[in-house]
Structure formats: structure tokens, C-alpha cells
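Undergrad: In the order they appear, the protein sequences are chains A and B.
Heads up: the first sequence runs through residues 1 to 495, numbered per the numbering used here.
Heads up: the second sequence runs through residues 496 to 1014, numbered per the numbering used here.
Worth double-checking, as some hints may not be accurate.
What the hints assert, rightly or not - Footprint (simulated), chain B over chain A, 3 or more residues, beta carbon under 8 Å:
| hint | region |
| --- | --- |
| 1 | 36-42 |
| 2 | 338-347 |
| 3 | 403-412 |
| 4 | 479-492 |
Bear in mind the hints are in silico, worked out from the structure with no lab data behind them.
From the three backbone atoms N, C-alpha and C, an ideal C-beta is built for every residue, glycine too.
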Amino acid sequence: MSLYGADLLALLPELIVVVTACLVISLDPVTPASRRDLLAWLSVGGLALCLGLTGGQINSLNIRVSAFSDLVVVDAYARFWKVLFYGVAILTILMSLPYLKAEGMHLGEYYGFILLALSGMMVMVSGVDLLTIYLGTELMSLSLYVMTGLNRSKPRSLEAAAKYFVLGAFSSGILLYGISLLYGAAGSTKLAAIAGAIGTRGADDPLVLIATILIAVGFSFKLAAVPFHMWTPDVYQGAPTSVTAFMAVAAKAASFAAFMRVFVEGLGGLKADWSFLFLVISVATLVLGNVVAIVQTNIKRMLAYSSIAHAGYALIGFVAAGRGVGLSGATPGLASIMIYLTLYSFMTLGAFAVIGMLRKGGIEGEEIDDFTGLAKRQPLAAFLMLIFMGSLAGIPPTAGFIGKFYVFMAAVEAGLAWLAAIALIFAVVSAYYYMRVVMVMYMREPDPSSIAPPRLVASPALSFVLACAVAGVILFGLFPNPLVSFALQSVLTLK
Amino acid sequence: MTSSFPWLSLLLVLPLAGAVAVYFATESAARWIALAATLADLLVALPLWWLFDPQASQMQFTEHVAWITAPPISYSLGLDGISLPLVLMTAGIMPLCVLASWNAITTSIRGFMAVLLVMETTMVGVFVALDFILFYVFWEAMMIPMYLLIGVWGGPNRLYAAIKFFLYTLAGSVLLLVAILVLYFYGGHTFDILALSQGTYPASLQIWLFLAFFAAFAVKVPMFPFHTWLPDAHVEAPTAGSVILASILLKMGAYGFLRFSLPMLPDASRDFTPLMVVLSIIAIIYGAYMALAQVDLKKLIAYSSVSHMGFVTLGLFVLNQQGIEGAVLQMVNHGITTGGLFLCVGIIYERTHSRLIADNVGLAAPMPQYAVLLAIFALSSLGLPGTNSFVGEFLVLVGTFLWSKIATACASLGIILAATYILWMVQRVVYGVPSPHHLPALKDLNHRELATLAPLVLLVFLIGLFPNPFVSRMHQSVTNTIASMSRAKVAPTAPPSAEGTAPLLADNGAQLKTQGPWR
């Protein structure tokens, strides 16, 4: 035990999350249904502890702790993402409290699974060994499969879980296959060793190239990048809304974080090859995501396609990073992804929080038409949704504009002004479907025949989530400085 | 004289504060709060007219606060002779918009007034921003309020008009963002508008940037053939929305050309002059012909706007002192005259609930005061000597004459056509035979409506008879703009390499390395 004392200390936040998860799951059977709220608060408490631990080190950018013979590392880059994940997880749990009760499936293990998925994400961002990263990915994915199918009475939820599991397992297989080929080529699964091996073997080794492509495909599934996005709409629509929010925000960010570390730290020597690959993927992703979102009538499905499109925008930052010379040339691109995904989290969480609690007679109103006339019935709720939609469309002075600004800045700096122009033109396309939500809320008269028009059911927890989300969207839109400098400095710790 | 008092920030903050106050107010108090906020803004703006030093060549009332450090974006504001009249016009038009909406808006008055006030902040912001990103933020931020203004409080076909306006203008302006970012990397890593205006850019790059700027500004002006959103938006918008669109929003496009395209991209501007002149003349004549064919008053004025804005872009792109001064004056004139005409249409619409000329015939008998004011705005619109538009159009034509006599002849056609459609409209609306079933419903102007129109009538004659104070204040700034266009050209330099580590100037490269990214 004393042998691993320092290692375990480095992973203290992960341990706290796992222990809290086990506590929640084991306390669940002995907790009466009326007091299950306590399990949620227990989870929030554990997360708050982690937030204090990691957040306390947030300004010590140079602290870099390697643990377990360089399988994991805790550096500023990992801490950036972890703080984001804690925040997202806390908000998701608070959002879930009223949502799960309204859906009649307030189960204690739900919180346990959120924490387990979170611990997987934390391992993903800290892992500097492909197998460690893989383990984290699987832990996250398996928890998400279960959470997707949590609503056992709904066929759509079960279908989504099954679909997600089959495709997810398939993609994990591809990822693992790529890892094994890379192990064959490099003789190690450690990112630093792989980078060294690529340096000596040369970048045009076919084995390395195939392995890189397979790993890229595996991650593209997790990021929901075209053409590996097929699972996203069905899963986002079928899963409970709070789970969808968690997937769209945290799972996507974690996949991006691990993906960036793998491709920059491990496969940086091949960036001439992969930057072209991701150029094609990013254009396909943002074009398809934005165009298909137009025809959706279900708002969760629309946001699923919109989240695909947003992955495309974030990938532009990655392409720009690939075009830059050395790590300093890659900094703006990588930092822009971190900024983008952080800001995207606020607006997406906010939008899903509104969707989850917009209820018509006990049922979730998840059609876009359910928002008809919301501005008349509940002006504040409609106004919040207006802000979230405007931010997703990237209209200043919201956070969405800042996120897009930094991504396009990086793209133009890398000589990709034409890519920025294409992406921005498709941002206009996206404005159409986001503004359609605004349109039905503000400009359509509610159907007079309906007896119980959908209303946003308020609760203290939901109000807190919405307040946090809207504060993030507005404040980071007006004062992005702290976030930007934090991201710029954190990304420098990538080797 | 540059005073340290933050005049311009006050101008931006007052309407926003009003909007917040409106949110907490009752429906009936909302009108008064909005009126107070816009009047307060006007009171802050008015002293600038006298405090402004017409001889000074630099920006005045400047404010500068760092906003974002990486890349360096600052909250910097300032006024020169070009933006001063536009800011004053904005501040002057907004109280009239509130007054015009007093009874016309019946649903969610608080929301309406809040939207108007937010619009005022963003519009003033566009004219006073000295940082390109700050400008872009204001430029884009106005879009959602305007979308709501048309879409929520507009006419029967408002949904279509609102989304058309939104997508058209957004599509134009996203390319502007790319152009701004490209300029940043070529222009010495700054978003400062004045610094960027001093830079020299390779000729081939200027062409692309000009086209991107053109996409944003030409849609907003709107120039032919990007004008198709305008008639829809004008017709469907509530009166205040039409006035804001015509008087202020359209000016932002022309202001963009003058503030950015001409000084930053002088070579491309010269290359594109023939095209711009041709497009302007097409707009003048086409707009006038379309106006002739309209049966809807608002549509008629909307198309006349296309025609009049053609004069503005014509004046800008003949690239001489007379032309540009005429164009700036014409921007203000169009704001006053067309704003007045839209207010007149709004007043009659409240009475007859129709904007068709056929339904509003012979108003001279039941509404004599209204008829006089409508006739004054109409005569100003056709450029009668003694009214404001005559001075502006005359200057533009003088400027055009120096550039090309044929172009001048073609543009003058527009004035003749304007006389035709305007006089024909006046003939029917004012002096036609009234339809008997309307007569009882028609009351002449009340005090509120008179107060809405009177300031504009006053300005019509003030500028028409004494244009000198207006022209003299913009003289120095226009001279500057023209001087900066003829600055020494530097041979095309290599663009920054794709990696962005070797920018235009060597010292910038050093800066980049020492300060990290985006500096």
C-alpha cells in the first residue's frame, strides 16, 4: 500500500468519485424512495469535494504528477477538463432530480452511474497510455449504455440503449484494434514511446498509418463525427433528457480531450496525414449536421444533429492545430477546442434543462411545436431558451460567438480562411433551425383547443441549473478572458 | 476637444438601462420609461454636436479599455465627422419610434419597448466602435432584436419577412468575420480600426477582402441585387420597425463601406468603382421603376429607399470629396425623410387599417395637417430645392459628374422618376376624391403624432436651407478618408505563411514569439 501511496494520492479525485459511486449504489437499496434525494446530494457533495481538490490546484499550471509508472498523469490539461466535468456532472445531477421524479423513475443507481461515467472520463483525460485511455472510454461508455436504457417502460429508450451498445461496442473494437496495431509497430502503448517510435520508423510506415486511421475511426464514433454519427440522433432522442444532456456535453468533451491527447502527444509525428483526414471529416460533419437538423421536428433530435455540427466546428480547431508548426503552432487550435467545448457545455445544458422540464400533462414536450406560444405563457423560460438558441447559433454577445470566434481565428491563422468561410456559411444554415425554435415560442399563437399547453415546471434545482447555464452563456460571452488564458496555458502542458 | 467624460459609453448604457427598467415595469409604464430613456440618450447625444471640433482630424470623445487580452480586443469608442451625424440621427429617431408605437403596439408592450432600447444600444455601438470585433459584436447583436421586432409585432406575413431578413443579413455578415480575421493576421495583429486603416495589403488579398466586406455591407444597404429582403421586411414590420430599418439600419451598410472598405482596401475600392457605380445606378433606376408600380404605400417607400440608397453608394464610390460628403449627408437626409414618410404611413394605417393607396385617397379634406406634412416629406424625398435631399443629391451628382458625365446623366434619371412616383402618390393620397365610408373615421393629427413628425419637418428645412454646419463637421473626416486612400502603395508582400508564425513584418513575428499566440 505504501508503495502506491503517492500514486493513489495523485488519483485522489478519481478515488473519491468511485467511492461515492459505490456508496450511492450500495445505499440505494436501503434508502426509502422518499429520501432518494439524499443520494443525489451525496453525489453532489463528493463532486464538490473533487472540485475543491482539483480546483485548488488550478492556478499551479506547472504541477505535473505522473502516477502508476506513467500510465496516468495529472497535468494542467487534465485538470482543465476535470473541472469542466465536475461542473457538468453537478448540473446534470441537479437537473435530473426534478426530471427523474417527473418521469417516475427516480432511481438511486442513476447517480451512481453518472459518477462512474465521470470517473471514466477522468481516466480518459489523465491517461497517457492507450490502454488506460481505452479503459476510461469503456467505463464511460458502459455507464452511458445503462443510463440510456434507464427508462425501461419506454420502447424508444430501450431501442436507443441497444443501438448505442451495439455501435459503441463495435467502435470500441475498432479502437482496440488500432491500439494493438500501434503496439505492434511501436512496442509500447505509452504515448511518449509511440511518439518516439514514429520518430524513428518514419511517418510513412503503413502499419502506423493503418493504426492511426483505426484509432481515428474509433474516436470519431465517440465524437459523433460524420460518417460515424448514425447512432447519435436515435440515442439522443431515446435516452432520458438529462442523460442526453450529459452525453452531449460531458461525453463529447471527454472524447475530444482524450482524442486530442492521443493525436498530439502520441501521433503528433503524423499530423500531415491526420490533419487532412480530419479536414474532410470536419467539413462533412458540419455540413451534414447542420443540413439534416433543418428537417427535424423533435427538438432532441434536432439538438442531436446540432451537436454533430458542433463537433464539426470543434474539429476545425483540430485541423488548424495539425497545420501549425510544432506545439506552439498547434496551441491556438487546441485551445480553441477547449474554449469551444466549455462554452458549448453551458448552452447545451441550459437548452436540455428547459426541454426536460417542459411538460404537458405529465409528459415531456419534446416536439418543437410544444414550444408554441411559450413566450406568452412563460416569458422568462422563453427568454432563456432564446438566449441558449442564439448562443448555439453563435450570435454575439453570447458565449457561442466567442467559441466560434476562437475556432475560426485558429483556422485563419493556419491559412484555412476558406474553411472558416464554409463553416460560417453553414452557421447561417444552423441559425435557421435555432431561430425556428425562437419563432414558435414568440411568433406562433398557441393552439386554443389544447387543454394543457406545455409548461416549464419550475423547481429550485432546475432554477439553479438554468441560472448557472445562462450566467455562463452571458458572462463568458462578455468576459471570456479568464477562460481563454486558462485554456491557452493548460494546453501548453500537452507534450 | 476631447473630454474625458465617457459620453459614448453613456450613450450605449442609457438605453440598456432603460431596457432593464422596462422589464420590471408594468405595461403602461413601459412606454414612459422607454420614452424617458430614449430622450435621455438624445440629451446626451446633443451636446456632442457642439463639443465636436470640426477642425480636428483624429477621433474625438475616445474611450479605450482592454476587453480581451488574447487576441487583443479592446472596448474602444470614438466619433469623427462621419459617425457624428449618424449617431445624432439614431438618438433623434428613437424617441420618435417610441412615440409612433404608443398606441399602435397593443401586445406585450414591455417586450416591444425593451427590444427597441436594445436596438438603440447596438445601433449606436456600430457607429462608435473603433475596434473591428467590437463593431462586429454590435453589428450582429442587433439581428435577434430586429428579428423579434418584425416577427412578433409585424403584419400578416411577418414570419416569412423576419426569417428572410435574418438569414440574408446573417449570411452577408459571416463573411465579414472571416475578412476581419484575415485582416488581423495581415495588418499587424490588431483589430484596431484606425491601425488597420493605415496598413497596406497585397492587391490580390484586397480583392477577396473587398468582396467579403461587400457581402456584408451591400446586403445591409441594400444594393441591387441584394435588396429583395427589404420590401418584405418593410411591409411586415411595425411602423417603428420600418423607421429603424430605413433610417438607421440601411445606413450601417453605407457606413461600413465608408469606414472599412475605402480606407482599408483603397486599391480594390478603385478597381471595383465601375461595378459599384453601375450597381448604384441600376438600384437608382430600378428602385424608382419598382416604386412606380406599387399599390402599397409602404412598399412604394421601400423601393424608393432602394433608389435613394443608390445615390448614397454612388456618392461613396466616385471617391471624391463632393461625392462622399454628399453621400454622408444623404444618409442623414434619407433617415429623416424616409423615416418621416414611414411615420406618415403608420399614422394613416392606424386610422384606416390599410396601407393601400386605393384605400387612402383624398386625405387633404379630412386631415389637412397630415396632408401638409406628408407633402413636405414627399417633396423632400424627390429632392426639391430648399429641402434636405436636394443638397445631398446635388453634391452626389457633382461628385459623379467629376467621375463620369454619362453616369451623372443616368443617375439624374432617378430624380425625374422620383418626382413621378412621389407626385403621383401625393396626387392620389392627398388630392384624390375621398372614399365616403372612410371619412368619419379620419381624425387629423393629435398632439403626440404632431410631436412625432414636427422635429423631422424642422430638420428637412434646416438641412435644406443651412447645410453648412452639417457639411463642415464631416469635411475633415472625409478629407482624411480620401487622403488615406491615396497613401503610398507598398509592393505586394508575401502573405504570412500558413503556420502563422511568419507574419507580414519582422517585428510582429518577434512579438508573436515572445507574447504567445494571438498577440
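Undergrad: Next, verify each hint and record whether it holds.
TA: Cross-check of the supplied hints:
no.	hint	result
1	36-42	violated (count 0)
2	338-347	violated (count 0)
3	403-412	holds (count 4)
4	479-492	holds (count 5)
Checked against the numbered hints listed earlier, the structure breaks hints 1, 2; every other hint is satisfied.
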